[in-house]
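Chains as they are written, first to last, in my numbering: chain B, 854 to 1110; chain L, 854 to 1110.
Everything labelled a hint here was simulated from the structure, so no lab data went into it.
Nothing here was measured: the structure is a model prediction, and the numbers come from that model.
In this text, a Cβ means the ideal position worked out from N, Cα and C, and glycines have one as well.
One thing to keep in mind: the hints can contain errors.
Distance condition first, Cα-Cα at most 25 Å in a straight line; then the derived PhoX-like pairs of lysine-lysine [what the hints assert, rightly or not]:
1) B:1106 to L:1036
2) B:1008 to L:1099
3) L:1044 to B:1013
4) L:939 to B:1053
5) B:1044 to B:1099
6) L:1036 to L:1013
7) L:1101 to B:1013
8) L:1082 to B:1101
9) L:939 to B:1044
10) L:1101 to B:1101
11) B:1101 to B:1044
12) B:1044 to L:1101
13) L:1101 to B:1036
14) L:1044 to B:1101
15) B:1033 to B:1008
16) B:1013 to L:1099
17) B:1036 to L:1099
18) L:1082 to L:1033
19) B:939 to L:1053
20) L:1033 to L:1008
21) B:1033 to L:1101
22) B:1099 to L:1101
23) L:1013 to B:1044
24) L:1101 to B:1082
25) B:1033 to L:1106
26) B:1082 to B:1033
27) L:1106 to B:1036
28) B:1053 to L:913
29) B:1013 to L:1106
According to the in silico footprint, chain B covers these stretches of chain L (three or more CB under 8 Å from chain B) [stated by the list, open to error]:
30) 1004-1017
31) 1031-1038
Protein chains: 2
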Amino acid sequence: MQKDTPVILITNDDGITAPGIRALVDAARGLGRVVVVAPDSPQSGMGHAITIGQPLRLDKVEMFDGIESWQCSGTPADCVKLARDKILHVQPDICLSGINHGANHSINVIYSGTMSAAMEAAIEGIPSIGFSSLDYGFNVDFTVAAQVARQLAIKMLSQKMPDHILLNVNIPIVTPETFKGLKICRQAYAKWEEQFDHRKDPRGKDYYWMVGRFINMDTGTGTDVEALKEGYASVVPVTIDFTDRKAKEWLEKEWQF
Amino acid sequence: MQKDTPVILITNDDGITAPGIRALVDAARGLGRVVVVAPDSPQSGMGHAITIGQPLRLDKVEMFDGIESWQCSGTPADCVKLARDKILHVQPDICLSGINHGANHSINVIYSGTMSAAMEAAIEGIPSIGFSSLDYGFNVDFTVAAQVARQLAIKMLSQKMPDHILLNVNIPIVTPETFKGLKICRQAYAKWEEQFDHRKDPRGKDYYWMVGRFINMDTGTGTDVEALKEGYASVVPVTIDFTDRKAKEWLEKEWQF
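Use the sequences and the hints to build the structure in full.
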């Protein structure tokens, strides 16, 4: 393999058998040395969890024709850490995560295993993108999402990117004909309004299922939620510096220690 | 109870039996109606995980003399969600998380269950603070940390705070005599350099333990890492809007879709 062949690390949070990661692998074919390291089971809602209390398993698998693939017992963030240290032994040129079966726009970025894998890569200085389809189904039509993934991977590979660049890309439920294109957005202010479905188990003990309703509380423009509603794929650059600069200014003025 | 008695929700990620949460409960005594909802087992490294794939248990316990307390089978973020919907039925005035046994400064904010509970509260609009001691031990001397927690809780309760305010507070290993006080900081750019301790199980199969070394790569001033080194407790306001504004400007200039 030529020395300038880019190394492309692919992972996800729905697990290595999910149709979404297969669509992403196919989208990346031919762009470089593609290596898949993904969880061996679904990890949705894992946020940026890492596994420190138990050991990790890592096994080579045959999943994607001609593509080196590994499954890992850990979280998406674990997969990125293990991939770099135990499999690649080099810094990948880009990391692609997804395609997630379900939306990760706005506040979902914090709950999302898909985005946590991409964020882990960005912390390491690997330009990375998380892809999510708004379609939660198993039999999602990933045609548009895969086109978007390939387009952005090529763009990221062909250009010097800013340090720690990390993109949260969500794809609406559209056909190639109704798809409006890509839009650079900011994260909408939204939240989940939780309700807990209260039940009794066969022994009469209480338990709860988390259910929730997504509420967009953002009345401004330029948000990912807005773009998706209009039929665009949203592209939100995500920071790994969580300092709230406005709140910091306020505290420096108002709080004397 | 008077209507203007503040409601103070306390949680953590080391679990309800950890000495750190007991120190925090004692620090908050007398400041309002204190209610504890915390994981029934340690949840360190859980990041912002939420539990959607299995049901949650929630049980009332007697742990802290005269303080209403519940243990939950879920993650720190689950605890905050459940507390609001199933226990308090009102918006708490503040949420305090910790005191964590171990540092959560700089990039640790993303891996930290302590901070994820506080972040979940902030998303809900509850002013919140996560407290962490740099001492990883079980028998930590929480004297200074508890003083800091009480001081900041009183400050937050006595003042109209900015929307979605969320503070990441870390306390160095100091005595009341050597403690320098509080300092408002920004998050240092740092990362964990992972290594995986490779072993074979009794059946000859490979497994890996994650081990890591924390590296501060930030050469600037005003960071939490710097303040802690000098003997200050660091106070970093944390955002729930992860849009990278600088990267967004760059993309808008460089990427035409």
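A quick look at each hint next to the structure:
no.: 1; hint: B:1106 to L:1036; in the structure: holds (13 Å)
no.: 2; hint: B:1008 to L:1099; in the structure: holds (19 Å)
no.: 3; hint: L:1044 to B:1013; in the structure: holds (22 Å)
no.: 4; hint: L:939 to B:1053; in the structure: holds (15 Å)
no.: 5; hint: B:1044 to B:1099; in the structure: holds (21 Å)
no.: 6; hint: L:1036 to L:1013; in the structure: holds (20 Å)
no.: 7; hint: L:1101 to B:1013; in the structure: holds (15 Å)
no.: 8; hint: L:1082 to B:1101; in the structure: holds (20 Å)
no.: 9; hint: L:939 to B:1044; in the structure: holds (18 Å)
no.: 10; hint: L:1101 to B:1101; in the structure: holds (21 Å)
no.: 11; hint: B:1101 to B:1044; in the structure: holds (23 Å)
no.: 12; hint: B:1044 to L:1101; in the structure: holds (22 Å)
no.: 13; hint: L:1101 to B:1036; in the structure: holds (11 Å)
no.: 14; hint: L:1044 to B:1101; in the structure: holds (22 Å)
no.: 15; hint: B:1033 to B:1008; in the structure: holds (19 Å)
no.: 16; hint: B:1013 to L:1099; in the structure: holds (15 Å)
no.: 17; hint: B:1036 to L:1099; in the structure: holds (16 Å)
no.: 18; hint: L:1082 to L:1033; in the structure: holds (11 Å)
no.: 19; hint: B:939 to L:1053; in the structure: holds (15 Å)
no.: 20; hint: L:1033 to L:1008; in the structure: holds (19 Å)
no.: 21; hint: B:1033 to L:1101; in the structure: holds (20 Å)
no.: 22; hint: B:1099 to L:1101; in the structure: holds (18 Å)
no.: 23; hint: L:1013 to B:1044; in the structure: holds (22 Å)
no.: 24; hint: L:1101 to B:1082; in the structure: holds (20 Å)
no.: 25; hint: B:1033 to L:1106; in the structure: holds (20 Å)
no.: 26; hint: B:1082 to B:1033; in the structure: holds (11 Å)
no.: 27; hint: L:1106 to B:1036; in the structure: holds (13 Å)
no.: 28; hint: B:1053 to L:913; in the structure: holds (16 Å)
no.: 29; hint: B:1013 to L:1106; in the structure: holds (14 Å)
no.: 30; hint: 1004-1017; in the structure: holds (count 3)
no.: 31; hint: 1031-1038; in the structure: holds (count 4)
The earlier numbered hints are all upheld by this structure, with none contradicted.
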